[in-house]
Amino acid sequence: MGNRVVITGIGIYSCIGENLEEVKKSLYEGKSGIVIDPLRTEMGYQSALTGMVKDPHLKPFLSRRERIGMHQPAQYAFMSTKEALEMAGMDIDYLEKNETGIIFGNDSTAGAVIETIDKIREKKDTSLVGSGAIFQNMNCTINMNLSTIYKLKGINFTVSAACASGSHSIGLAHLLIKQGLQERVVCGGAQEINEYAMGSFDALGAFSSKQSTPTKACSPFDRDRDGLVPSGGGATLILESLESAEKRGATILAEVCGYGFSSNGDHISNPNLDGQVRSLEMVLKQSNLTAKDIDYISAHATSTPVGDSVEAQAILKVLGSQTPVSSTKSMTGHECWMAGASEVIYSILMMQNDFVAPNINFENPDEDSAKINVIPETKKDYKINTFLSNSFGFGGTNSSLIIKKWARGE
Amino acid sequence: MNRKKIIEKTKEFLSDEFEVEIDLILPDNNLQKTLDLDSLDYVDLVVVIEDSFGFKVTGEDFKEIVTFNDFFDLIENKLKK
Numbered sequence: 396m397g398n399r400v401v402i403t404g405i406g407i408y409s410c411i412g413e414n415l416e417e418v419k420k421s422l423y424e425g426k427s428g429i430v431i432d433p434l435r436t437e438m439g440y441q442s443a444l445t446g447m448v449k450d451p452h453l454k455p456f457l458s459r460r461e462r463i464g465m466h467q468p469a470q471y472a473f474m475s476t477k478e479a480l481e482m483a484g485m486d487i488d489y490l491e492k493n494e495t496g497i498i499f500g501n502d503s504t505a506g507a508v509i510e511t512i513d514k515i516r517e518k519k520d521t522s523l524v525g526s527g528a529i530f531q532n533m534n535c536t537i538n539m540n541l542s543t544i545y546k547l548k549g550i551n552f553t554v555s556a557a558c559a560s561g562s563h564s565i566g567l568a569h570l571l572i573k574q575g576l577q578e579r580v581v582c583g584g585a586q587e588i589n590e591y592a593m594g595s596f597d598a599l600g601a602f603s604s605k606q607s608t609p610t611k612a613c614s615p616f617d618r619d620r621d622g623l624v625p626s627g628g629g630a631t632l633i634l635e636s637l638e639s640a641e642k643r644g645a646t647i648l649a650e651v652c653g654y655g656f657s658s659n660g661d662h663i664s665n666p667n668l669d670g671q672v673r674s675l676e677m678v679l680k681q682s683n684l685t686a687k688d689i690d691y692i693s694a695h696a697t698s699t700p701v702g703d704s705v706e707a708q709a710i711l712k713v714l715g716s717q718t719p720v721s722s723t724k725s726m727t728g729h730e731c732w733m734a735g736a737s738e739v740i741y742s743i744l745m746m747q748n749d750f751v752a753p754n755i756n757f758e759n760p761d762e763d764s765a766k767i768n769v770i771p772e773t774k775k776d777y778k779i780n781t782f783l784s785n786s787f788g789f790g791g792t793n794s795s796l797i798i799k800k801w802a803r804g805e
Numbered sequence: 006m007n008r009k010k011i012i013e014k015t016k017e018f019l020s021d022e023f024e025v026e027i028d029l030i031l032p033d034n035n036l037q038k039t040l041d042l043d044s045l046d047y048v049d050l051v052v053v054i055e056d057s058f059g060f061k062v063t064g065e066d067f068k069e070i071v072t073f074n075d076f077f078d079l080i081e082n083k084l085k086k
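Taken in sequence, the protein lines are chains A and B. For any residue, its number in this note's numbering is found by taking its place in the first sequence, counting from 1, and adding 395. For any residue, its number in this note's numbering is found by taking its place in the second sequence, counting from 1, and adding 5.
Think of the hints as simulated: they come from the structure by calculation, not from any bench. Just so you know, even glycine gets a beta-carbon here, dropped at the ideal spot from N, CA and C. One or more hints might be untrue.
[Stated by the list, open to error] Which stretches of chain A does chain B cover? Using the computed rule of at least three CB atoms under 8 Å from a CB of chain B, they are:
1) 449-463
2) 520-531
[Said to hold, decoys possible] Interface residues of chain B toward chain A, partial, derived using beta-carbon atoms under 8 Å:
3) F23
4) E24
5) I27
6) L45
7) D46
8) V48
9) D49
10) V52
11) E55
Work the whole structure out from these sequences, hints included.
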């Protein structure tokens, strides 16, 4: 059995809102955050579509030394973590005195690395790069920066698992708390948005070409979908043992019931039905739940022709045809390393406010999506007690989470 | 560049880089304590000197520096060379 694991704080910094309140409104209204980035057009991107967030102004919150090792991933993660910790009622003093871990999802620091290398090429002298570059360049940049700022003394490492990084970070934090190895873990995911970050992904021709209609470009499950739209930001969840949360008198938002995972062991980029099915079956088993217990499925669906079809088949096979499904990527674009965490937060907001966010731009189903219950418009006054969130990544890494509305007796 | 201008320019970049009030950068004040420098900050000090004056200092150059006055001397001497 192990400890029950609850969520006591969430925070978000995304292209559909820079805090929970803004994001909740965008989700309810089905508002897209997708724009054209002229820099990408200049650089020869096949598609300049992207979600966009502002670089946050951190000077009011952090000293020079705390800021200097941060590039976009850590900056975005700081913003979402600040909001999540405030909600959880944990300040630096509390964190310093009560062992707390951090497992964050991140899988690139392209912007920081390229800026550093450009400087070395220009100066031909590494001593003129400055002291912050190394802490911006390493993939564990978020862990290094946040653990230092918040005086975290528990587990401390980064999860790099492509577009499932954020989801695996929650799953691993869940396991550590369940087994009694940690009482509290800060987890989540972040994704840089800069013109360097997505060039190699765009090279695959995987991005939507619908540049004349940015807000319509990302259309998961739709018959005419033609590719994903990259995006980014930061998403943080505070996971805690039930005992710790109750001892603190914290407000409990939800419970993490289970974590399922698998590896396809197959093609490096193509999805695999068997791998996804195994991840879904595992999360149900780990949660001691069945398909009929799931009220909402937050799909991974990114708007690629093959990926969405395979996921629809996996959902149909394991979870059936009736449960409401939507992909919030239709509004946010694909938040990649952050997506598995942000999408759990989006679903918690839906659960708290009794609605299902729409899978916008779903106008015509294809053969596979016609067999599941994709929600094209906001489903109002719908109670979600339990939801399942899927994340799949390059290299065939799959992660599924089941989260339940908090109820003490169950 | 005369000493007055060197001091003016130096105070400005130190204040900007290390986010310290310019009024605290006084000739007899301790450089390390006033700017709250740790070992990493000296790496950045090398960078801002190069950006501001176009020459490079090394860790050795900082060994004898205690006050801002010592620092102004260092800059002045390097510029003369």
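How the hints compare with the structure:
1. 449-463: holds (count 4)
2. 520-531: With 7 residues closer than 8 Å to chain B, the region 520-531 of chain A meets the three-residue bar; holds.
3. F23: Nearest chain A Cβ about 7 Å off; hint holds.
4. E24: holds, 5 Å
5. I27: violated, 15 Å
6. L45: holds, 4 Å
7. D46: holds, 7 Å
8. V48: holds, 4 Å
9. D49: holds, 5 Å
10. V52: Result: holds, 5 Å to nearest chain A Cβ.
11. E55: holds, 6 Å
Checked against the numbered hints above, the structure violates only hint 5.
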